[in-house]
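Visitor: What follows is the residue order along each chain.
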Amino acid sequence: QQQVKQSPQSLIVQKGGISIINCAYENTAFDYFPWYQQFPGKGPALLIAIRPDVSEKKEGRFTISFNKSAKQFSLHIMDSQPGDSATYFCAGPTFTGTASKLTFGTGTRLQVTL
Amino acid sequence: DTEVTQTPKHLVMGMTNKKSLKCEQHMGHRAMYWYKQKAKKPPELMFVYSYEKLSINESVPSRFSPECPNSSLLNLHLHALQPEDSALYLCASSPPGGGQETQYFGPGTRLLVL
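So the protein sequences, as listed, match chains A and B.
Under my numbering, the first residue of the first sequence is numbered 1, with each subsequent residue one higher.
Under my numbering, the first residue of the second sequence is numbered 1, with each subsequent residue one higher.
Only chain A is shown next, with the shape it has when bound in the complex (with noise of 0.2 Å):
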């Protein structure tokens, strides 16, 4: 059962354009929405993340939305950068009580061209 369905599977934005990366969850334990970037040959590194009792938040060029009762979020780069070519994942955690269990999603592969 796939808990996290992202789209879309590739992306390629002009400089400066805005990138929109979309995530719907079925599993409602989850209570905490993360953003992974991926860059070839690197482990993922978190970018930004949410958590589900605000529908908003923006680190610099980053912006997540969250609709709870859409069970979706979303991820916003605006004036996208040639640097932020890169997968992006996003994920979906459940504790254990004193470690995480990550589900992610499908990925997306994002060009940004000058």
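Treat the hints with care, as some may be off.
[Said to hold, decoys possible] Quick list of simulated restraints, FRET-style, between CB atoms:
1. A:Thr106 with B:Ala80: 24 to 32 Å
2. A:Gln81 with B:Glu3: 18 to 26 Å
3. B:Ser55 with A:Gly41: 28 to 36 Å
[Unchecked claim] With a cut-off of at most 27 Å between alpha-carbon atoms, the simulated DSS-like pairs for lysine-lysine come out as follows:
4. B:Lys19 with B:Lys40
5. A:Lys101 with B:Lys53
6. B:Lys38 with A:Lys5
7. B:Lys38 with A:Lys42
8. A:Lys68 with B:Lys9
9. A:Lys42 with B:Lys22
10. A:Lys5 with B:Lys41
11. B:Lys40 with A:Lys15
12. B:Lys40 with B:Lys9
13. A:Lys101 with B:Lys41
14. A:Lys68 with B:Lys22
15. A:Lys15 with B:Lys41
16. A:Lys101 with B:Lys9
17. B:Lys22 with B:Lys53
18. B:Lys38 with B:Lys22
19. B:Lys40 with A:Lys5
In case anyone wonders, no lab produced these hints; they're calculated from the structure.
All C-beta atoms in this analysis are idealised placements derived from N, C-alpha and C, irrespective of residue type, glycine included.
Once you have looked at the hints, place chain B on chain A.
Guide: Only chain B this time, still in chain A's reference frame:
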């Protein structure tokens, strides 16, 4: 120190070899994880250690054997692997608490099984 290190960076092994992957963190995290990532796919959880005890095994074949010698080290012993086990193996750690803690990923070991 906010880094998870993994060695080796690359590994080529035959199907009859025995090898080990090593992961280390000095952030005081008490949960450590092994993930497997195939090309163009999200990371898939393999094992979770919490306070040096194995807490989650995602039905991983016994040819993969994890070990957590202390709170800073995590090993993955490999024996009789198959070519389909070729992948990027990622280690991660997270702080204690069981709340909305971030997982910090290492750069991974790229494994090729011949």
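Visitor: All the hints need checking, so say for each whether the structure fits it.
Guide: Hint-by-hint comparison with the structure:
no.	hint	in the structure
1	A:Thr106 with B:Ala80: 24 to 32 Å	holds, 30 Å
2	A:Gln81 with B:Glu3: 18 to 26 Å	holds, 25 Å
3	B:Ser55 with A:Gly41: 28 to 36 Å	holds, 30 Å
4	B:Lys19 with B:Lys40	holds, 25 Å
5	A:Lys101 with B:Lys53	holds, 15 Å
6	B:Lys38 with A:Lys5	holds, 18 Å
7	B:Lys38 with A:Lys42	holds, 13 Å
8	A:Lys68 with B:Lys9	violated, 40 Å
9	A:Lys42 with B:Lys22	holds, 16 Å
10	A:Lys5 with B:Lys41	holds, 13 Å
11	B:Lys40 with A:Lys15	holds, 24 Å
12	B:Lys40 with B:Lys9	holds, 19 Å
13	A:Lys101 with B:Lys41	holds, 17 Å
14	A:Lys68 with B:Lys22	violated, 40 Å
15	A:Lys15 with B:Lys41	holds, 26 Å
16	A:Lys101 with B:Lys9	holds, 25 Å
17	B:Lys22 with B:Lys53	holds, 17 Å
18	B:Lys38 with B:Lys22	holds, 19 Å
19	B:Lys40 with A:Lys5	holds, 15 Å
When each numbered hint is compared with the structure, violations occur for hints 8 and 14.
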